[in-house]
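Participant: As you go down the protein sequences, you meet chains A and B in turn.
In terms of this note's numbering, the first sequence opens at residue 1 and continues consecutively.
In terms of this note's numbering, the second sequence opens at residue 117 and continues consecutively.
No wet-lab data here; the hints were simulated from the structure.
What you were told as hints is all true, and nothing was included just to trick you.
Derived BS3-like pairs (lysine-lysine); straight-line CA-CA distance at most 30 Å:
#1 B:Lys237 with A:Lys66
#2 A:Lys87 with B:Lys237
#3 B:Lys149 with A:Lys88
#4 A:Lys4 with A:Lys75
#5 B:Lys149 with A:Lys66
#6 A:Lys87 with A:Lys66
#7 B:Lys236 with A:Lys87
#8 B:Lys193 with A:Lys88
#9 A:Lys66 with B:Lys193
#10 A:Lys85 with B:Lys149
#11 A:Lys74 with A:Lys4
#12 B:Lys193 with B:Lys237
#13 A:Lys66 with B:Lys236
The lines below spell out each chain.
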Amino acid sequence: MTLKKIAEILDATIISDSDDLNVQILNACSADMMSAVLYYHTPNSLLITGLTQPHVIRTAEIAGIKTIVFVLNKKPDALTIDLAKQKKIPLLSTPCCMYTASGRLFSAGLPGCLTK
Amino acid sequence: MALNITENIDGIFQLIGGNFSTAGEASTQLKHKLAEIGVDEEIIRRATIATFEAEMNVIIYAAAGWLHYYITPGSIKIRIEDMGPGIENIELAMQEGYSTAPEWVREMGWGAGMGLPNMKKNSDTFTVDSVVGEGTTVEMVINFP
Chain A
1 MTLKKIAEIL
11 DATIISDSDD
21 LNVQILNACS
31 ADMMSAVLYY
41 HTPNSLLITG
51 LTQPHVIRTA
61 EIAGIKTIVF
71 VLNKKPDALT
81 IDLAKQKKIP
91 LLSTPCCMYT
101 ASGRLFSAGL
111 PGCLTK
Chain B
117 MALNITENID
127 GIFQLIGGNF
137 STAGEASTQL
147 KHKLAEIGVD
157 EEIIRRATIA
167 TFEAEMNVII
177 YAAAGWLHYY
187 ITPGSIKIRI
197 EDMGPGIENI
207 ELAMQEGYST
217 APEWVREMGW
227 GAGMGLPNMK
237 KNSDTFTVDS
247 VVGEGTTVEM
257 VINFP
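In isolation and in its complexed conformation, chain A is listed as follows (with noise of 0.2 Å):
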């Protein structure tokens, strides 16, 4: 699924943008816990957060994550996005909370990271 697509279906509006809007996105997860996000995991991810601190991005990074969507319309601050950009994963913010974003996406064919 593409970014854009994804910005679409969760009514998102992107913070920090990507060269790429048609990047693919394979799967996606949703955490608030930085350590279930590198445990479970999968490259080419999306990741789905309440989180906006800069470490958020960091573990990302760390993760091979391609995109964040924060949600509940948080915005990260200053550093966060400075950062998102420097490491080039774009960002989005969506009114939906994370149960409504995981929904809508798993429902559009968007599967979890992990296969249960």
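Fit chain B to the given chain A structure using the hints.
Facilitator: Structure of chain B alone, referenced to chain A:
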């Protein structure tokens, strides 16, 4: 890309406890170093996840620490030493979900009790030694294929 290492490479990063603004910087620098010399992507992923978990433990729990890495043609060894409170019960700490993290750490997305298990999961060899009141040393080796 073939592994391009003709001699052993080592390095050290100093970690400052509580410094969340640069937390993860050492692990990302190590990630780039491994990519530069052509280490397999899956090995880089495992090494940097294990290192990042250890780095975050120092930032969260300790006053300071050091992250050493040694890269040889056959493996990468990572040693993280900290001046932290130490671990009272290592067996318990190795259990998934066991955590002594305070609420403020959990609010930042850490302290899920997955750190040490995640380090072990991503290492071929994993050891942890700790003295309460003095600190903890974690050693991890990831072999190259």
